[in-house]
Every structure is written in C-alpha cells, then in structure tokens.
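Start from the sequences, fold in the hints, and give me the full structure.
Each chain, letter by letter, is given below.
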Amino acid sequence: MTARSRRRRQTRPPRRVQAPTPMEVAAPPVSPIDPALAARRVAVRNPRGRAARREPGERALTELAEQTEVGEVLLRSLTRAQLMLAVRIFAVFGCLLLGLPALFATHPGLADYRILGLPLPWLLLGGAVYPMLVLLGVLYVRQSERNERDFVEFIERS
Amino acid sequence: MGSNVTLAAVVVSTIATILIGAYGMRVARTTSDFFVASRTVRPMWNASAISGEYLSAASFLGVAGLVMKYGVDMLWYPVGFAAGYLILLLLVAAPLRRFGAYTIPDFAEGRLDSLAVRRLATSFVLLIGWFYLLPQLKGAGVTLRAILGAPYWVGVIGVGGLITANVFFGGMKGITFVQAFQYWLKVTAISLPAIVLLAHYHADHSPRLTVPVPPQFQTETVVRVRVSARFEVDKATPVRVKGALDGTVYGTGGPSPVTLPPGAHRVAKGAEIIFPAGADAPHAVGQPNADGRAWSRPFGPVSNERSHPLFFTYSLMLATFLGTMGLPHILVRFYTNPDGRAARQTTLIVLVLLGAFYVFPAVYGALGRLYAPDLYLTKGTDTVVLALPGRVFSGLGGELLSGLVAAGAFAAFLSTASGLLISVAGALAQDVFRGQVSDFRRGAAVAGTVAVAFGLLVERFDINLLVGWAFAIAASSFCPLLVLGIWWRGLTAAGAGAGIAVGGGLASAAILITMVGHPGPGWAEALLGQPAAWSVPAAFLTMVVVSRLTARRLPTEVGAKMVAMHTPETLGLGRNYRD
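Line by line, the protein sequences give chains A and B.
For reference, each letter of the first sequence is one residue, going 400 to 557 in our numbering.
For reference, each letter of the second sequence is one residue, going 7 to 585 in our numbering.
Be careful, since some hints might not be right.
FRET-style restraints, in silico, Cβ to Cβ [stated by the list, open to error]:
hint	chain 1	residue 1	chain 2	residue 2	range
1	B	M50	A	I514	29 to 37 angstroms
2	A	L534	B	V522	39 to 47 angstroms
3	B	V438	A	Y512	50 to 58 angstroms
4	B	G526	A	D549	55 to 63 angstroms
5	B	R554	A	I514	43 to 51 angstroms
6	B	R125	A	R479	28 to 36 angstroms
To be clear, the hints were calculated from the coordinates, so they are not data collected in a lab.
In this text, a Cβ means the ideal position worked out from N, Cα and C, and glycines have one as well.
So this is what it looks like as structure tokens:
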C-alpha cells in the first residue's frame, strides 16, 4: 500500500510542497525544506477529476451516485445520524418548552417566584426562551456539520 | 398623535422602501433573478431579509396588544413564531435547499413526480398566502386610522397598492434588500422606544403591575373617542365630558362634570371624556379588565374567554412550531442561499434576530396597562405600541418616538405583505399563467387586487387570530409534506396528496366554521378554534397510511433524490431538480 501510494505520488505533477519522508524530517540541517513546513503533515490527496477515477474514494462516490446497495447503506448512515441528532435536539427542546404550560397549569405557585424582579413565567417566556433556542440551534448546526464532514472524509477515504 | 412628525416618519419609511426596491430593480434582469435573486445572497443579508419578511403586523402590534389584554399567556405567540425556525432548522433547511426547487409546489412535483400534487400544493399556497395577507392589510388599515385618523379603507387600499406596485416593478432582488432594511428598521423602532419607556418606568419608582387591582389612570387622562364605543364601569366614576354620551350632548362650552353610574355606557365618535387620576379604567362591554394579579399569571384572563386554555396553548404551539416551515413566503427565501450549509447558517442567524426582536413587544403590553389604560375602553389595545410613547412623553421627544414606532409598524405591513404577494404572484405565474417575467407581473397584479378586495372585509377579525389560523393551515398541509418528503423514502404521490387534502382541508373547515358559526363554549369551540392539535396528526397519519397502501407506486429515482437532499455539496452529487 505504501509503495503503491509513493509510486503514484511520483507520477503526479509537482506540487508546491512535497511531502517529506520521516528521514528528511529527522535531519533538519541538510534538508532544503523549511523545518516548520516539513514537520507539518501535508495531504497529498488528488483533486477530484478524471485523473482520480481509479481512487478508492471515487468508488464510494460512484456507489452513492448510482444508488447501489452499498451506496444506500452509506446514505442511510448519514440520514440516520442527522435525523437522530434532530430528534435529540427536539427532545431537549420539547422537555424544556412543551413542558412549561403543563408545569404552569399544575404548579400555579411558580408564578409567585421572582428573579431579577420579574415573575418567573414572564422571565421564561419573555426572555430566557430565546437564548435557549439559539443555543439549541448552535448545537445542532455544529454537530450536523461534523456529521457531514465525517461522512465526506469517510467517502473520500474508503 | 396624528402629528406631522408621525406623518413624516411614515412617508420617509415608505420612500426608503421604494427607493431601495428601485435600486434592486436595476439589478433584476432574468426570470431567475425575479424568482430567487439568483441565489447570491449572503447569510447575514438573507437572515435579515427573512426576519424582516417574517415580523408582521401580528408581531409588531398584535403581540403587545394581546399581552396588554390577556397577560403572560399571550407570550406563547412570539415564542412559537421564533421556535418554528428551530424546527425548520432541524428538519428542513439544508435538505430543502440542496433539493434546489424554488417553491413548495416545485418541491412537491420534483420529489413526487406528480402534477396533481403540485396543483394541490399550489392551491394551498394561494389559500395560505391570501389568508395571511388579510391580517397584514387589516393592520395597515387600523394603523393609518390610529396615527392619521384616516378611514379603514385608506390603509388597506394604500398599502395594498404600494406593495403591489413594488413587487410589480422590482421583483425579488429588490425585495431582498428591502426586507433586510425592514428588519433593522423594525428592531430599532421597537427597541429604542421600549428602552426609553423602561427608563421612565424605573424613574417612576417602578409601580407594581402584579397587585390585585384593575388597571387605573395614573394621571388625569383625556380620552378622545375616534370610533363610537360601548364600555362598562364597575363603580360610580366622576368624569368630565364633552360630546355625546348615552344620548346626551354635554359641554358645548367646555367639558362638564358627569358621574358615570356602574354599568354600560355608549359614547359617540368625536367625544372627549376626562378621567381623574386614580380612577379605574372602564372596559369594553362583556370583557372585564383582569386585576393585576390574575393578569400576570399563566391561564389568567384567557380562562374567562376560552373553554380549554391549556388545550388552546398546546394547539397554538403546534401550529406555530410546525406552521413556520409551511409559510410560502418564508421557504422561498431559503433557495437564495448558495448551499445547504449557508441555509443552516441563515436559519441560525434568523433565530438570533427574532429573539432580539421578541423581547420588546411584552414591554409595551405591560407598560400599556399602566400608562394607556384608556385603550381598554376603546378596544384599541392593538395600537398600544403606537400610542404608548406619545402617552408617556410629551413634546418633541414623544413625537419622535411615536414617529419611529409608526415607521416600524408601516415597515411590518410593507415587508410581510410584499413577501406574501411575491409567493402568491409566483404561484399564479408558474401554475396558472406560464412562467415568464410578464406573467409574474400579471400574477402580482391579480394577487394584489384579490388581497385588497378581501382585506376590506376582515375589519372585525382579530389580527393574531387570523395569523394563528394561517399557521394552522400551513402546519396541517405543508409540514407533513416537507418532513416526510425529506426524511422518508416511502412517501408516494397519492399519500402526500391525501395528507395535504385531509389535514389542510380539516383545518380550513374548522376555521371557516369558527369564523362564520361561532360555536358555543365547550370542547367544540376549543377544538375548532385552534385545530392544529388534531389536524396535524391527522395529516401525518393519512400520508403514512395512504403511502403504505400505494407502496408499489413509489416516485422514480427516490434514491437519487435522497442523495441530492442529504449529501453535502462538496461531494458534487447534488442534482438540481428544477433548473
């Protein structure tokens, strides 16, 4: 696998930064490459295109594009992750918000509590709800984008 | 009120709207520009535009008025209006953008390969769009009467004509700029006076609003009656009157003293009643003013008017949470995002922008109880946002603040009504006419005319009630279509069509019965008055069951469509199902 990938690397058009071998990194004074640059891992994945047709990642992409059974399993893994995430966030939202009317109805005494001079129901419905909605939204966006990044990486690697 | 400053503010806000629309007009060239602004709008702009379009007369005026009248329970309206975007973010935003259709009918046709479902969806776009236009035009009529003393029809025809012309000439590119501008105008117009009012309240030693007494006049107050009214007082109240009261004309020279006995009274248009400081505020006949303690607690005054307030609250929550995604003028904006990620970012910013706005209407509602209790008498609580700055501050400061809120209120009708008109005109152009720019203009003209005609008829219906019904129909028809269409492979055209027809039909029928028939107190009133709690599950259930029964007739390429909706654009697997 390593030999194959090295061979392929050589056949590619020259890149601005060449990936250093471990030995080159270990001998900094003689290397013509800037050590800071050399120490950084450099991705050498091919850009998608005709040249990349035979790459493994392209195969998974084709499976997806042509909806083979494998492709369908791959897609289901993503949609299930996204839907479960939505359901989890909705569950939190539901517990916090859908529970309030029932709570107010069964515990009328809550209206007597005051925070910052405001009765609790006013504070919750008039202000506190909105930062909570934004927070749940931020959590969702971050996690859903992570799900998608993982999916893309998985497809391009497999 | 009715001052030159207010008039100037309304005129300036209107001219700014037209100018920004005209600027956009030069940019808009092709059909695609007109429909979705070429999908080049950045998230911040787009989020401002969505919020600007969304914050309607119901948000700007209605919420404060309801809070003043019914107290804390009414805060569920703005909470639901905002939370709808969280649900939209969770279930709809990115996949729908990736699917790449312009409108809900486009989505229905693209996803289900069915012209029949498309036609059904179009008919509900028209129904919801027109239904939601009515309260906007009503708000316009009421506002122009409140600030300028103009008759109701002047506002309806004036604002209706203005937005029709703007959409006719500008297309959507112009409207995106206009809408973004409108958001910032509205948030300034509601927040700045609210902060000044709160400062005044604090300087006034923060009188308690939750004590068990009815609202009272803080100072000697002159009530000028613009529309003849019937009101009740609960105990004998000494006042001074000029004009006709209970059939007698008083005070031809100056206001003459009268003691109002407990009971109902009728006051004629143009009369003036001067209440002394400390007097209890009269209330509209049959609607007793809640004392401060009941008013400030959940399930307070609402319980007197609604049979099952807890059911109503939940049903309203369901309608607003799930209805937002089905509003035709909101979804079309998500196609102006460049990709699915941007659609999510946009929705998130919308949540922030709406949250920033919705903190303020409650301030007007609460302080209105203290400083403008005469609005209970004149049934004018819907105009408390407009009236309050002028009541609390005299002189130029008060006039400037009044002008600012008037400009904001105007922005509220202009922006929401424009967005709705674009959707209705677009649906007409694509499905009833043929889909060229000239057809879009014809659609705009027809849609505007119909809306104005019906807008003249709805004066007696409450703004927020109409809006809540539009949400209920959207939640019962388009929410199941979108959610199941995006997340469930098994949805068939027959299932979707049956679900839309059953859910949307039941909700519309319930609302029609409530509007025309006024069912008496009891479960019938509760179930028909806000049908979302049962019509939404009915729609979902119908869609699933009928889809299962017709499972052999799945639409073509379901797999490819799921890939297009759910995979990130970086993989390049998406396919535009419209272009």
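To see whether the hints hold, each was checked on the structure:
For M50(B) and I514(A), the hinted distance range of 29 to 37 angstroms is satisfied, since their beta carbons lie about 33 angstroms from each other. At about 44 angstroms, the CB distance of L534(A) to V522(B) agrees with the hint of 39 to 47 angstroms. Between V438(B) and Y512(A) the C-beta distance comes to about 56 angstroms, which sits within the given range of 50 to 58 angstroms. Distance hint check for G526(B) and D549(A): the Cβ-Cβ separation is about 58 angstroms, which falls inside the suggested range of 55 to 63 angstroms.
Taking 43 to 51 angstroms as the suggested C-beta distance range, the pair R554(B) and I514(A) conforms, at roughly 50 angstroms. The hinted range of 28 to 36 angstroms is satisfied by R125(B) and R479(A), whose Cβ atoms lie roughly 34 angstroms apart.
Every hint, counting from the list given before, is met by this structure.
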